[in-house]
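Enquirer: Put together the whole structure using the sequences plus the hints.
Listed below, chain by chain, are the residues.
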Amino acid sequence: MLRVEDLHKSFDDFKAVNGAHLTVESGQLVAVIGPNGAGKTTLFNLITGQLQPGRGRILLNDEDISKLPPHVICRKGIARSFQIANVFPRLSVFRNVQVSVLSQQKLSNKLFRPASQIAIEETGRILESVGLVDKKMDLAGSLSHGDKRILEIAIALGNEPELLILDEPTAGMSPDETATTMALIQRLAADQGLTILFCEHDMEVVFGTAQSIMVMQQGGTIVQGDPQTVRHNTEVQEAYLGDE
Amino acid sequence: MFGEMIRQKSFGVSLAVFLVLLLAPSFLPRFYIYLLAVIFVTALLAMSLNLCVGHGMLFQFHHGVFYGVGAYTAGLLLAKTSIPWWMAFVAGPLAAAFAGLLIGLFCIRLNKLYFGMLQISLGSLIWAIAFRWYGLTGGDDGIHGIPIPDFIASTTGSYYFVLIVLGICLFLMYLILKSPFGSTLQAIRDNPERCAAVGIHVRHHQLKTIVIATFFGGVAGVLFVVVEGSIFPDLLFWVLSLEIFIMCLLGGWFTFAGPILGAAIIVSLRTFVGTYTEYWTLILGVILILLIFFLPEGIMGYNYRQLFRSRTKYAHDSQME
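These protein sequence lines are chains R and U, in that order. Under the working numbering, the residues of the first sequence are numbered 38 to 281, in order. Under the working numbering, the residues of the second sequence are numbered 33 to 353, in order.
Everything labelled a hint here was simulated from the structure, so no lab data went into it. Everything hinted at is true.
The list that follows gives simulated cross-link-like pairs (lysine-lysine, DSSO-like), each with its CA atoms no further than 27 Å apart:
1. R:K185 with R:K173
2. R:K185 with U:K210
3. U:K41 with R:K173
Everything numeric in this text was worked out from a predicted model, so none of it was measured.
Expert: Shown next, in the form of structure tokens:
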């Protein structure tokens, strides 16, 4: 479904992404791991168009999307969450999700119909599926950190994506919240048949959930494969897992 | 469709205020009726600016230009051609919206302050045209004694006309802000990057907002001609733009009706202070300084909290329905 080929991105002299390769098959739960600064977030920003690659190709269903702006990439079926909780702080939780549902239904430009009567069911269903229904009238800015991260995922779901990209979905969460969030992600993948690409630096989390793991170091891909392959790859062991 | 609106308490209050204003000419002296009409015109102008500033976080620094374009278009058509008055009245807002589109196309590529700076430069060009082109615009004298249709030529007639048009415009703006378009605009204000990532073409949406706002600015311009019967280049001067910007900040730019309050305060002050001193802009400067010093983060900080409280409350209200 998604193929990243030999991707490069430099900021001045710093090579943030330097030869990244990635394959995501439909229906898979794929993880990208790597130490801080390995280029995981930059890679995601390149895929969803926040950044333009210097070299290389990003293919979504065989179409090159590497030069497209974010809103077009979103319309092609890729939705994402951000590493830093990126919600609409002055809008209610409900409105936060509704904005993306409206965008998905191409209703964002409706001028004279009250938004309070449009896309109510869809938005409600999404809030239900992530467990934020009780807080739907709270302002997004007043949520706890964990809830904001969940809301991020809910906003992304509003776009009915084929591929959902989550940038460190559990960053900054307590162990309990982490477990809940990972369970949610697995449930979404199973129930809705979503293809999910996420990055993470908690090893336990990744090896317990992902079907395919891509390991990055210094901007480049070391290896991609199933958890067993990755665990036994000598290069990965040296570079990242240590010598346990 | 209007059920939710009518159930709100603020709707009842607005209706009561509107009724009192309808009756005002029967008990207020003529000067105050005139003053109220000026406040209404300015309030509409500030409200139109606030669509950009408060709800869209677009720093439309030179919004007065579109007020001027609306006024000049209607005024020139009335004074120099024989087309029916209503066509001149419609042409004003359309010309303003067109100017908004043109200037917006350039400015929208820039962010925040740079957007505002370019706007001031391009707007000043239009001011220069009005100021210099004596043959057409009468230059710095402007044009006075513009023929206004009889039924709205009197103080009371123009008062009612302005009041009714203001009412319609406020109603439309309210609908727009509550619509998907308005929700999306407020989402862009809060977080443009996230909006792009949910498939919204941020710049297009902002440009549409500018066109809508400048249209309403043009309506205010036409109303000015109705009230004053004249046009002059000060309408497009940056000082006026600054004044209406301050009205938005003063009244509360994240609120719906805040700019109306701001306009009422500033216009009243200008009128009454203006009788004692010529240095009105000095007073305006002092107000600005007080705003910055005594309401930290501008008046915004205060209104931000207010907003949080009222939004949550409103949210609970609609939950109960």
